[in-house]
Structures are given as structure tokens and as C-alpha cells.
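**Student:** Going line by line, the protein sequences match chains D and S. Numbering follows this note's numbering, with no gaps: position 62 of the first sequence is 62. Numbering follows this note's numbering, with no gaps: position 74 of the second sequence is 74.
Hints may contain errors.
Partial selection, computed: residues in chain S whose CB lies under 10 Å from chain D [stated by the list, open to error]: (1) V4; (2) Q6; (3) D24; (4) I26; (5) G28; (6) A31; (7) G40; (8) F65; (9) T76; (10) W96; (11) G102; (12) S107; (13) G108; (14) R110; (15) V113.
Calculated cross-link-like contacts (lysine to any residue; reagent style SDA-like; alpha-carbon spacing at most 25 Å) [to be verified]: (16) K57/D x T13/S; (17) K59/D x N10/S; (18) K102/D x V28/D.
Facing chain D, from chain S, some residues (calculated, C-beta under 8 Å) [stated by the list, open to error]: (19) Y33; (20) G42; (21) L43; (22) F45; (23) Y48; (24) Y101; (25) V114.
Honestly, the hints are just simulated from the structure, not real lab data. Source: prediction; values computed, not measured. All C-beta atoms in this analysis are idealised placements derived from N, C-alpha and C, irrespective of residue type, glycine included.
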Amino acid sequence: TQLLEQSPQFLSIQEGENLTVYCNSSSVFSSLQWYRQEPGEGPVLLVTVVTGGEVKKLKRLTFQFGDARKDSSLHITAAQPGDTGLYLCGYKYIFGTGTRLKVLA
Amino acid sequence: GAGVSQSPSNKVTEKGKDVELRCDPISGHTALYWYRQSLGQGLEFLIYFQGNSAPDKSGLPSDRFSAERTGGSVSTLTIQRTQQEDSAVYLCASSWTGTNYGYTFGSGTRLTVV
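For reference, chain D alone in the conformation it holds in the complex:
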């Protein structure tokens, strides 16, 4: 069974700070997806990374896929209260346990 472990589980930061969350596995993945889920809504796909070492940027969000395709990270620059939510990594229909981010104004 391919497991995805995310860290940290919870993160509370002040507006303007930078942060990084991680998604790790002992398995190799052909691709990995990142989602953000806001309260009362379903997860929304942010990005898919495919190639080892790949870096994708989405405004203030930077996603990186590890060279060995076993791990990924999401870095947020100058976090905003609108970034608050549950961040999930996923592969096919398997999802990590998520990082719950709260950005305080």
C-alpha cells in the first residue's frame, strides 16, 4: 500500500510569514497532486507534478517534486489569510492526512 505522510499536521502563522509543508512516501510516484480544501467545500486541485525535480509556481505557491519522486513540498511566500485551509497531497485515489494551515491577520 502506498502511503503519503504529510507534515506538519497543523500550522498557525502570522500573515506575511513564509512556510513549507511536506508530503513524503517510501514509494515512487509517477505523479503527485496538491489540493486545498476550505471549510464546507471539497478539495480543489492546485497542481500536478510529474517529473523528478520539477518545480511549479502558482502565484505565491511553489511546488517541488523530489528528484526520486518519493516526496514533494509546498512553499508559500508571504502567507495571506486566504491561504487558510487543509492542504492535501494525493496520488490517484490515495491522499495524505493533510496539513491544516491557519494564517492569522
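Given chain D, work out where chain S should sit, using these hints.
**Tutor:** Here is chain S on its own, set in the frame of chain D:
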């Protein structure tokens, strides 16, 4: 439709009653998934439909849970003899065939068993 539609959005039921939750996937999406999300938790995979293939039921927590997908489109998740521990948000997602490029989720059905 433009997105994945789930109904009802909220359901309160008495312990022991049966409930049916509905999912309308994006038109043309052949894959459909059901997940359960308990309060403050991540996503628990329940069942996966792909085209006309037999569904992957490996995530269903007990035989009280079942799902069907009619005509390769609409899906219904049925929970029989509901228990309080079934209280959760049930999420449906759909995707194109064989994609590794992520899914589109509905907003979920919040089920409360009292």
C-alpha cells in the same frame, strides 16, 4: 454539468435509519470516487468506479455501506442502519479515464446521525 454535484448538502437522520447520498459527476468523466471525511480529518477512500469495470470496494468500512453507479453516470452511496460513527462529510469526485492528473470534487454531503 459544469462541476460535480452532490445532494443533499446536509442530512440529519436517526440512528438505525437508511440514507442515500447522490453524486452527479462531470459529464464525460468515466471515473467516480467516494470518500468520507470525519471532523478535522483527512480523506478516507470508500469506493471507486471506472467505466463498466467492477468497482473497487476495498475502502468500504462495513457491509452496511454500498454504492452503485447507473448508466456510467450518477452514483448513489447507501448507508443502512446508520450509526453515530457514520456522521461525517461524504465527498464524491470524478475524473477522466486513467488520469493521474487529479480529480474534481463535489462540495460533499454532511451526514449527522442522531
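**Student:** Evaluate each hint against the coordinates.
**Tutor:** Against the structure, the hints come out as follows:
no.: 1; hint: V4; verdict: 7 Å, holds
no.: 2; hint: Q6; verdict: 8 Å, holds
no.: 3; hint: D24; verdict: 13 Å, violated
no.: 4; hint: I26; verdict: 13 Å, violated
no.: 5; hint: G28; verdict: 17 Å, violated
no.: 6; hint: A31; verdict: 9 Å, holds
no.: 7; hint: G40; verdict: 8 Å, holds
no.: 8; hint: F65; verdict: 16 Å, violated
no.: 9; hint: T76; verdict: 18 Å, violated
no.: 10; hint: W96; verdict: 13 Å, violated
no.: 11; hint: G102; verdict: 4 Å, holds
no.: 12; hint: S107; verdict: 5 Å, holds
no.: 13; hint: G108; verdict: 6 Å, holds
no.: 14; hint: R110; verdict: 8 Å, holds
no.: 15; hint: V113; verdict: 19 Å, violated
no.: 16; hint: K57/D x T13/S; verdict: 44 Å, violated
no.: 17; hint: K59/D x N10/S; verdict: 34 Å, violated
no.: 18; hint: K102/D x V28/D; verdict: 30 Å, violated
no.: 19; hint: Y33; verdict: 5 Å, holds
no.: 20; hint: G42; verdict: 4 Å, holds
no.: 21; hint: L43; verdict: 4 Å, holds
no.: 22; hint: F45; verdict: 5 Å, holds
no.: 23; hint: Y48; verdict: 6 Å, holds
no.: 24; hint: Y101; verdict: 5 Å, holds
no.: 25; hint: V114; verdict: 20 Å, violated
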